[in-house]
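Here is what each chain is made of, one letter per residue.
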Amino acid sequence: MNANFLSLAIWVPILGAIPVLLLGSERRFLVRWLALTVALAGFAVTLPLYIGFDTTQAGMQFVEQIPWVPRFNLQYLLGVDGISMPFVLLNSFITVIVVLAGWKVIEKKQAQYMAAFLIMSGLMNGIFSALDGILFYVFFEASLIPMYLIIGVWGGPKRVYAAIKFFLYTLLGSLLMLVALIWLFLASGGSANILDWHQLPLGMTPQILIFIAFLVSFAVKVPMWPVHTWLPDAHVEAPTGGSVVLAAIALKLGAYGFVRFSLPIAPDASHYLAPLMIALSLTAVIYIGFVALVQTDMKKLVAYSSISHMGFVTLGFFIFSPLGIEGSLVQMISHGFISAAMFLCIGIMYDRMHSRQIADYGGVVNTMPRFAAFFMLFSMANVGLPATSGFVGEFMVILGAVKFNFWVGMAAAVTLVLGAAYTLWMYKRVVFGPITNPHVADLSDIGFREFLILALLAVCVLAMGLYPYPFTEVMHASVDNLLKHVAASKL
Amino acid sequence: MLNNFVIPDFYPVAPEIFLLTMSFVILFADLIFSATQRWVASVLTILTLFGCAAITVVTADGQTSLTLSNLFVDDLLGDFLKLMTYLSVIMVLIYGRQYLVDRGLDKGEFYLLVLYATLGMMVMISAANLLTLYLGLELMSLALYALVAIDRDSARATEAAMKYFVLGALASGLLLYGMSMIYGATGNLDIAAISQVLYQGQADKTVLVFGLVFIVAGVAFKLGVVPFHMWVPDVYHGAPTVVTMLIGSAPKLAAFAMALRLLVYALFSLAVEWQQMLLIMAVLSIGLGNLAAIAQKNIKRMLAYSAISHMGFMLLGLTSGVIGKEIDPFTAINAYSSALYYTVAYVLMSLGSFGMILLLSRVGHEAEQLDDFKGLNQRSPWFAAMMLIFMLSMAGIPFFIGFFAKFAVLTAAIKAGYAAIAVVAVMFSLIGAFYYLRVIKLMYFDDAVDSAPLRATPVFRLLLSLNGMAVAAFGLFPDTVIAVCTAVLLHSL
Numbered sequence: 018m019n020a021n022f023l024s025l026a027i028w029v030p031i032l033g034a035i036p037v038l039l040l041g042s043e044r045r046f047l048v049r050w051l052a053l054t055v056a057l058a059g060f061a062v063t064l065p066l067y068i069g070f071d072t073t074q075a076g077m078q079f080v081e082q083i084p085w086v087p088r089f090n091l092q093y094l095l096g097v098d099g100i101s102m103p104f105v106l107l108n109s110f111i112t113v114i115v116v117l118a119g120w121k122v123i124e125k126k127q128a129q130y131m132a133a134f135l136i137m138s139g140l141m142n143g144i145f146s147a148l149d150g151i152l153f154y155v156f157f158e159a160s161l162i163p164m165y166l167i168i169g170v171w172g173g174p175k176r177v178y179a180a181i182k183f184f185l186y187t188l189l190g191s192l193l194m195l196v197a198l199i200w201l202f203l204a205s206g207g208s209a210n211i212l213d214w215h216q217l218p219l220g221m222t223p224q225i226l227i228f229i230a231f232l233v234s235f236a237v238k239v240p241m242w243p244v245h246t247w248l249p250d251a252h253v254e255a256p257t258g259g260s261v262v263l264a265a266i267a268l269k270l271g272a273y274g275f276v277r278f279s280l281p282i283a284p285d286a287s288h289y290l291a292p293l294m295i296a297l298s299l300t301a302v303i304y305i306g307f308v309a310l311v312q313t314d315m316k317k318l319v320a321y322s323s324i325s326h327m328g329f330v331t332l333g334f335f336i337f338s339p340l341g342i343e344g345s346l347v348q349m350i351s352h353g354f355i356s357a358a359m360f361l362c363i364g365i366m367y368d369r370m371h372s373r374q375i376a377d378y379g380g381v382v383n384t385m386p387r388f389a390a391f392f393m394l395f396s397m398a399n400v401g402l403p404a405t406s407g408f409v410g411e412f413m414v415i416l417g418a419v420k421f422n423f424w425v426g427m428a429a430a431v432t433l434v435l436g437a438a439y440t441l442w443m444y445k446r447v448v449f450g451p452i453t454n455p456h457v458a459d460l461s462d463i464g465f466r467e468f469l470i471l472a473l474l475a476v477c478v479l480a481m482g483l484y485p486y487p488f489t490e491v492m493h494a495s496v497d498n499l500l501k502h503v504a505a506s507k508l
Numbered sequence: 017m018l019n020n021f022v023i024p025d026f027y028p029v030a031p032e033i034f035l036l037t038m039s040f041v042i043l044f045a046d047l048i049f050s051a052t053q054r055w056v057a058s059v060l061t062i063l064t065l066f067g068c069a070a071i072t073v074v075t076a077d078g079q080t081s082l083t084l085s086n087l088f089v090d091d092l093l094g095d096f097l098k099l100m101t102y103l104s105v106i107m108v109l110i111y112g113r114q115y116l117v118d119r120g121l122d123k124g125e126f127y128l129l130v131l132y133a134t135l136g137m138m139v140m141i142s143a144a145n146l147l148t149l150y151l152g153l154e155l156m157s158l159a160l161y162a163l164v165a166i167d168r169d170s171a172r173a174t175e176a177a178m179k180y181f182v183l184g185a186l187a188s189g190l191l192l193y194g195m196s197m198i199y200g201a202t203g204n205l206d207i208a209a210i211s212q213v214l215y216q217g218q219a220d221k222t223v224l225v226f227g228l229v230f231i232v233a234g235v236a237f238k239l240g241v242v243p244f245h246m247w248v249p250d251v252y253h254g255a256p257t258v259v260t261m262l263i264g265s266a267p268k269l270a271a272f273a274m275a276l277r278l279l280v281y282a283l284f285s286l287a288v289e290w291q292q293m294l295l296i297m298a299v300l301s302i303g304l305g306n307l308a309a310i311a312q313k314n315i316k317r318m319l320a321y322s323a324i325s326h327m328g329f330m331l332l333g334l335t336s337g338v339i340g341k342e343i344d345p346f347t348a349i350n351a352y353s354s355a356l357y358y359t360v361a362y363v364l365m366s367l368g369s370f371g372m373i374l375l376l377s378r379v380g381h382e383a384e385q386l387d388d389f390k391g392l393n394q395r396s397p398w399f400a401a402m403m404l405i406f407m408l409s410m411a412g413i414p415f416f417i418g419f420f421a422k423f424a425v426l427t428a429a430i431k432a433g434y435a436a437i438a439v440v441a442v443m444f445s446l447i448g449a450f451y452y453l454r455v456i457k458l459m460y461f462d463d464a465v466d467s468a469p470l471r472a473t474p475v476f477r478l479l480l481s482l483n484g485m486a487v488a489a490f491g492l493f494p495d496t497v498i499a500v501c502t503a504v505l506l507h508s509l
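In order, the protein sequence lines correspond to chains A and B. Residues 18 to 508 in the working numbering are what the first sequence lists, from first letter to last. Residues 17 to 509 in the working numbering are what the second sequence lists, from first letter to last.
These are computed hints drawn from the structure, not numbers from a lab. For each residue, glycine too, the CB sits at the ideal point set by N, CA and C. Warning: the hint list may mix true and false statements.
These stretches of chain B come out as covered by chain A in the derived footprint (C-beta under 8 Å, 3 or more residues) [unchecked claim]: (1) 202 to 209; (2) 406 to 414; (3) 419 to 429; (4) 434 to 440; (5) 446 to 453.
With the sequences and hints as input, model every part of the structure.
Structure representation (structure tokens):
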């Protein structure tokens, strides 16, 4: 591999954002098309990562290594394995969707809006591909800045509160992680290479402390119950594009952190604390599922549904079986598509009605039949209907959980009922029934651009549901390797 | 007696002599040129500082040379700190030019006082003897007191100057008392000789530690750390913004040099004792600075409390040099270079932030309320982005220089076994992040109340942009500055 595809995946969107910014918000036509070009280019450079990926190899591929801060022995060290590679693609794909979604509806400072998303896309790719702990942290925290601005500038009425809450919550976790990272950096004799940290022998006490420091950081990001409260606020106030990126990518960063840091660096602590993690995950799955049921705001409902689904992901990690971890990874990707689609659907309705209250809708199918069909598909996928991507991951995790402990599996399976209840009930109230609100009668169906966005996501959801092999194939080797590593005690 | 007189080597003192000579030239030039030609004094001052920089660079030979009967030392550390001092003073003069003209403060005295303050800092930086150090400190301080009061019609400035003067005099007294104790215990005023005596363990430790307390108090006052921080908010707030900018930048470098010369060079054998004191002050400063800054509506006061917390962070680096009783040169250099790096990074960010306040100020309007930053993104997206960089950098968010400064200090602190303190420090910087985020919120999320176009000279705009980009660039590629900080300490300790 001569071409530095990972560097391209990071820097093409970030550097591409500069001309977008320079165009200024007056030249809307140019701004949009340039942003779309950059986003497409950013996606195009990630394709070779999948095509050229060696599925038999468990280690890091496409590795790039340049000294970055020799004084501290920090490296600009990038690489992906089967766990992280799919997320780089997902992220770059979602960026294209987000640029398209902001095409018309963003009227204020469109250039800055597009640039913020492009920069964030690059930073997130950096998070997924960084193999130097400090480089990871730098990307991890820098990605807060564009999201803070996106929520705060283009958000709803309570955007300031939501933006600051989002930033401080995440910063709380990441600062503790910084201390843990520096501790590891010193403990390993001045190496910031994450793979070196994986091999670092650690006693039980340091392992538990490190696990907790990482847990605070990643639990906020996932988000896990009880540090999830920033997410509904952030989702409700963020513009559609912001919600899409938050749900589809940002939440995955926390879950990814568990697999990249917590499990391999502190395997004994992970086993020791697994009951706690499983309990927190099940709480998220069940309790948050009930919370979602009573929401009157559609975006809030989907936000809580995201937390519930992410509970599934963390559950899958801590039952330590190939089914569990692969199921979680599949669930993460699938949730990336589905939650993006759900937020886009709500965004499409919000653009027309300027309301997210379920009570304001009813009978949308009469005026927007094509939209209703798409919305149906994504709602079903959110429920986890077989043949959609939502089914694959949940099924694998439940299977793994039943093997691990019948009652854990049983509790996890409750989500299928709850998920069906809150999603379909919302769908029924919004789409079916008589038209009660005169504004609904004036709705126009989706145009070509909206159709294109939803169709792209629908294809992904169905493809992944019908034939998940291309997604799981790349993960096998890395997941097996991870499990082997986690099974071996460091004590 | 005369037979013993040797002409001292003036080579290492050349920048100071040049500056002093030029100050007389400017004094007379100010008399010759009329009021409309005031810019001459400004330009001459800036040229003088460039001249000093040139001389410092030319005379820098990497050797540590003592001169003037061992009163004065010229080493790499001194050269580096002096260069940074010239740079910050030059930036203050360029940033402040329009502000001074607008308010009728563009007088010859201003430039002279700035030059003398700079000279004081240079002497402090190069002091090899407690008396030289005190001399430089007083020269700097007296010039700064006068500068705070330069706008004599402003009651607030006069009040600030009085406070600064009274408290500063008290601190000088404490410092001098501490020095006398050290002299009493060691029989020496020479920094190297004191270190030697202490190393041999011949001095009375009770007297030494007693004196040390006063020395630490004096240093803490100049750095502006809790509990000697009371003057900082009032002086920052009361002084004309240009003077605040000056006080908030270069003197921090000189105070760092003072701390290093006194505590590390002279009293290194007492490191275990002073580290305890510095540690307490560091934690208190980080805590109080960040908490109090939240309550501020005036951005100058906010930056004052932020300065207190930043100096606390710097002390955290300074206090991590000696682990237990073990002295490992590598650890020590790491810790002190992290503190030096933090100071340099802070000066860069501080200059930029005050530059932004000056950018928004105009005749009859001091842009010192936080609300003056409202909607800046609508008025000027570019400078809003610059302020964004300064604020995030101060909050320690990557990719900016402030992050690596924090990283270096935290690494040193955790290595010294202060992991719990590091956690406390980062928790307080989380609180601190709130008020930096609030400035960003005002600029980006709110609508502008003041829609006057930004009036600033192209030079000003260029310098501010360069300042912002330096903060970002040194954050992306931090190695050069960190390596330089380490190298100068390695050659000078």
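A quick look at each hint next to the structure:
A stretch counts as covered by a chain when three or more of its residues have a beta carbon under 8 Å from one of that chain; for the stretch 202 to 209 of chain B and chain A the count is 0, and the coverage is violated. Only residues whose beta carbon comes within less than 8 Å of a beta carbon in chain A count, and the stretch 406 to 414 of chain B has 3; three or more means the coverage holds. By the rule of at least three residues with a Cβ nearer than 8 Å to a Cβ of chain A, the coverage given for the stretch 419 to 429 of chain B holds, with 6 such residues. Counting residues of the stretch 434 to 440 of chain B whose C-beta lies closer than 8 Å to any C-beta of chain A gives 3; at least three are required, and the coverage claim holds.
For the stretch 446 to 453 of chain B, the proposed coverage by chain A is satisfied: 4 residues have a C-beta within less than 8 Å of a C-beta in that chain, meeting the threshold of three.
In terms of the numbered hints stated before, the structure departs from hint 1 and from no other.
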